[in-house]
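Chemist: Our numbering applies: residue 1 is where the sequence shown begins, and numbers increase by one.
Everything labelled a hint here was simulated from the structure, so no lab data went into it. Do not take every clue at face value.
Below, in silico cross-link-like pairs of lysine-lysine (DSSO-like), each with a Cα-Cα straight-line distance of 27 Å or less [what the hints assert, rightly or not]:
{"hint": "1", "residue 1": "Lys44", "residue 2": "Lys159"}
{"hint": "2", "residue 1": "Lys57", "residue 2": "Lys138"}
{"hint": "3", "residue 1": "Lys138", "residue 2": "Lys62"}
{"hint": "4", "residue 1": "Lys93", "residue 2": "Lys123"}
{"hint": "5", "residue 1": "Lys57", "residue 2": "Lys159"}
{"hint": "6", "residue 1": "Lys62", "residue 2": "Lys123"}
{"hint": "7", "residue 1": "Lys95", "residue 2": "Lys57"}
{"hint": "8", "residue 1": "Lys44", "residue 2": "Lys167"}
{"hint": "9", "residue 1": "Lys44", "residue 2": "Lys62"}
{"hint": "10", "residue 1": "Lys57", "residue 2": "Lys44"}
{"hint": "11", "residue 1": "Lys123", "residue 2": "Lys138"}
{"hint": "12", "residue 1": "Lys57", "residue 2": "Lys42"}
{"hint": "13", "residue 1": "Lys123", "residue 2": "Lys95"}
{"hint": "14", "residue 1": "Lys138", "residue 2": "Lys93"}
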Amino acid sequence: MFTNTIRRAATRSIVVRRAYSAKATTSERLTQAIAPKVNQAKEKAKEKAAPKVGKLKELAQKYGASGIIVYLGIGMIDLGAVFAGIQVLGQDKVKQVEDTVVNTVNEWLGRPPRPVKENSDEKASLASVFVLAYGIHKTLFLPVRVTLTAAITPAFVRKIHALGWSKYAPRLFGVPKQGNPAAKAVKP
1 MFTNTIRRAA TRSIVVRRAY SAKATTSERL TQAIAPKVNQ AKEKAKEKAA
51 PKVGKLKELA QKYGASGIIV YLGIGMIDLG AVFAGIQVLG QDKVKQVEDT
101 VVNTVNEWLG RPPRPVKENS DEKASLASVF VLAYGIHKTL FLPVRVTLTA
151 AITPAFVRKI HALGWSKYAP RLFGVPKQGN PAAKAVKP
């Protein structure tokens, strides 16, 4: 109790004088002025860096099933193109990789390895070509598919409405907006 009284008296008697200005320096003022803009730029960069899959969900909400139809259509074309490209350009490399994988699995299982034929005209199995094509399709071409879907879907829906096909599947393609000139051409 006695020490607390002494401390209180000592702290009251000490006058602290600032040896520096209370005003912010130029660099502090710049930091305070720029900080909100920097934070906004960081938030915009995060939004741009958001995965494209989120944009696919947004398309599905806005355009419904027609966005998914366009995405799947582009995916089928993409997978077919990758499969054909591998069949034409990389058949021999796929066969080498297939033989290596089969021999490694056979060693793990205790089976004798398959004999390797140097100059054989054997082609890789369709299953191994498809697995490779599907892997490339799912990993490398995902951003391309999503971007193309986002670009094509609005035009696809407008064309469906302009042709009048939306009246046959209104739940699938939605109801055309009344302000749309294509909607006026369609008579229900």
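Chemist: Taking the hints in turn, state whether each one holds.
Modeler: Going through the hints against the structure:
1. Restraint check: the Cα-Cα separation between lysine 44 and lysine 159 comes to about 33 Å, which exceeds 27 Å; the hinted pair is violated.
2. Taking the CA atoms of lysine 57 and lysine 138, the gap is near 17 Å; set against the 27 Å cutoff, the hint holds.
3. Restraint check for lysine 138 and lysine 62: the C-alpha separation of about 24 Å stays at or below 27 Å, so the hint holds.
4. Restraint check: the Cα-Cα separation between lysine 93 and lysine 123 comes to about 10 Å, which is no more than 27 Å; the hinted pair holds.
5. Restraint check: the Cα-Cα separation between lysine 57 and lysine 159 comes to about 22 Å, which is no more than 27 Å; the hinted pair holds.
6. Pair hint lysine 62 plus lysine 123 does not hold up; C-alpha atoms about 46 Å apart against a cutoff of 27 Å.
7. At most 27 Å may separate the alpha-carbon atoms for a hinted pair to count; lysine 95 and lysine 57 exceed this at roughly 38 Å.
8. Between lysine 44 and lysine 167, the direct Cα distance comes to roughly 40 Å. Violation of the 27 Å bound is thereby established for this hinted pair.
9. Distance check on the hinted pair: lysine 44 and lysine 62 sit about 22 Å apart at the alpha-carbon level, within 27 Å; holds.
10. Restraint check: the Cα-Cα separation between lysine 57 and lysine 44 comes to about 19 Å, which is no more than 27 Å; the hinted pair holds.
11. A distance of roughly 24 Å separates the Cα atoms of lysine 123 and lysine 138; the hinted pair therefore holds under the 27 Å criterion.
12. In summary, the hint linking lysine 57 to lysine 42 is supported, as the alpha carbons are separated by about 23 Å, within the 27 Å threshold.
13. Distance check on the hinted pair: lysine 123 and lysine 95 sit about 6 Å apart at the alpha-carbon level, within 27 Å; holds.
14. Of the pairs offered as hints, the one joining lysine 138 and lysine 93 holds, with about 20 Å between alpha carbons and a cut-off of 27 Å not exceeded.
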